[in-house]
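Kindly produce the complete structure, drawing on both the sequences and the hints.
Quick mapping for you: the protein sequence lines, in order, are chains U and S.
So the first sequence is numbered by my numbering: it starts at 1 and just counts up by one.
So the second sequence is numbered by my numbering: it starts at 1 and just counts up by one.
In case anyone wonders, no lab produced these hints; they're calculated from the structure.
Keep in mind it's a predicted model, so treat the numbers as computed, not measured.
Honestly, I wouldn't trust all of these hints.
In silico lysine to aspartate or glutamate, EDC-like type, Cα no more than 20 Å apart, as pairs [claimed, not checked]:
1) K42/U <-> D84/U
2) K42/U <-> E68/S
3) K42/U <-> E44/S
4) K14/S <-> D24/S
5) K22/U <-> D84/U
6) K58/U <-> E83/U
7) K58/U <-> E104/S
8) K57/U <-> E104/S
9) K78/S <-> E109/S
10) K42/U <-> E104/S
11) K57/S <-> E71/S
12) K78/S <-> D24/S
13) K68/U <-> E15/U
14) K71/U <-> D27/U
15) K68/U <-> E83/U
16) K57/S <-> E2/U
17) K42/U <-> E71/S
18) K11/S <-> E85/S
Residue-level listing of the chains:
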Amino acid sequence: GENVEQHPSTLSVQEGDSAVIKCTYSDSASNYFPWYKQELGKRPQLIIDIRSNVGEKKDQRIAVTLNKTAKHFSLHITETQPEDSAVYFCAARAGFGNEKLTFGTGTRLTIIP
Amino acid sequence: GAGVSQSPRYKVAKRGQDVALRCDPISGHVSLFWYQQALGQGPEFLTYFQNEAQLDKSGLPSDRFFAERPEGSVSTLKIQRTQQEDSAVYLCASSLGSAGVGGELFFGEGSRLTVL
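The structure is reproduced here in structure tokens:
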């Protein structure tokens with residue numbers, strides 16, 4: 001089955017700096033890669049996603065890049081703000097007929113004011 | 001409501017008790033998922049429904065875990081003879097699409113189970 005590894009497990013950056021979180025996956029059939037943000041005690045919420053026919057996707061300060069050959073994808077947050085502090089999870093889904101998302105272990109991002 | 005609703009939000013059970021966790025998905029969502037999230041970990045897949053059909057239960061850790069969605073809307077996750085290792089947050093998620101269509105998963109707030 002799919003295995004998703006995520007690093008770093010914790011990340012602290014100065015407010016205004018950029019943050020990068022990286023994930024690798026094992027199943028070459030995976031074709032959908034979402035990123036979820038989870039604040040303490042709250043539900044995971046989708047912040048951005050990318051499909052395997054696209055190499056990069058951007059939404060304001062957030063971008064995701066995908067390298068299918070290397071089987072890794074990354075989340076980039078620019079101009080970080082205190083409200084970006086949360087746990088971020090990457091995930092992968094194998095695609096048609098296999099609906100489950102396999103999640104990484106999470107990155108706790110702390111923005112230092 | 002507009003989102004996925006789960007109840008109870010918090011449940012404390014004595015070891016050996018049975019528990020039932022309820023999920024109300026977003027109206028009209030075909031797909032429903034249950035995940036288990038241990039403290040400091042990512043959500044782990046338990047089971048998946050498309051309408052009332054349970055298409056994947058490969059993540060259920062033992063035969064003490066049972067899930068159903070008899071009318072294709074509300075789902076219940078039942079855990080029999082609870083053990084301490086069952087302590088976790090149980091997340092329910094729904095999505096509009098069916099298998100092969102996919103789409104964004106919308107999560108509930110979760111049910112935090114503590115087994116003493």
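Hint check:
Using a Cα cut-off of 20 Å, the hinted pair K42/U and D84/U holds, with the two alpha carbons roughly 14 Å apart. Pair hint K42/U plus E68/S does not hold up; C-alpha atoms about 25 Å apart against a cutoff of 20 Å. For the hint linking K42/U to E44/S, the alpha-carbon distance of about 17 Å falls within 20 Å, and the restraint holds. Between the alpha carbons of K14/S and D24/S the distance comes to roughly 26 Å, so the proposed pair goes past 20 Å and is violated.
Restraint check for K22/U and D84/U: satisfied, since their Cα atoms lie roughly 17 Å apart, inside the 20 Å limit. Taken as a hint, the K58/U and E83/U pair is honoured in the structure, with Cα atoms around 19 Å apart against an allowance of 20 Å. A distance of roughly 17 Å separates the Cα atoms of K58/U and E104/S; the hinted pair therefore holds under the 20 Å criterion. Proximity of K57/U to E104/S is assessed by CA-CA distance (about 16 Å); at most 20 Å being required, the pair is judged to hold.
The suggested pairing of K78/S with E109/S holds, with an alpha-carbon distance near 18 Å, which does not exceed 20 Å. Only pairs whose Cα atoms come within 20 Å are accepted, and K42/U paired with E104/S is accepted, the gap being roughly 17 Å. Only pairs whose Cα atoms come within 20 Å are accepted, and K57/S paired with E71/S is accepted, the gap being roughly 18 Å. Between K78/S and D24/S the CA atoms are separated by roughly 15 Å; this keeps the pair inside 20 Å, and the hint holds.
Taking the CA atoms of K68/U and E15/U, the gap is near 31 Å; set against the 20 Å cutoff, the hint is violated. A threshold of 20 Å between alpha carbons decides the hint, and for K71/U with D27/U the separation of about 8 Å falls inside it, so the pair holds. For the given pair, K68/U sits about 31 Å from E83/U by alpha-carbon distance, which is inconsistent with the 20 Å threshold. Of the pairs offered as hints, the one joining K57/S and E2/U holds, with about 15 Å between alpha carbons and a cut-off of 20 Å not exceeded.
With a CA separation close to 28 Å, the supplied pair K42/U and E71/S exceeds the 20 Å bound. Annotation: proposed proximity of K11/S to E85/S holds, straight-line Cα distance about 14 Å (limit 20 Å).
In summary, the numbered hints that this structure violates are 2, 4, 13, 15 and 17.
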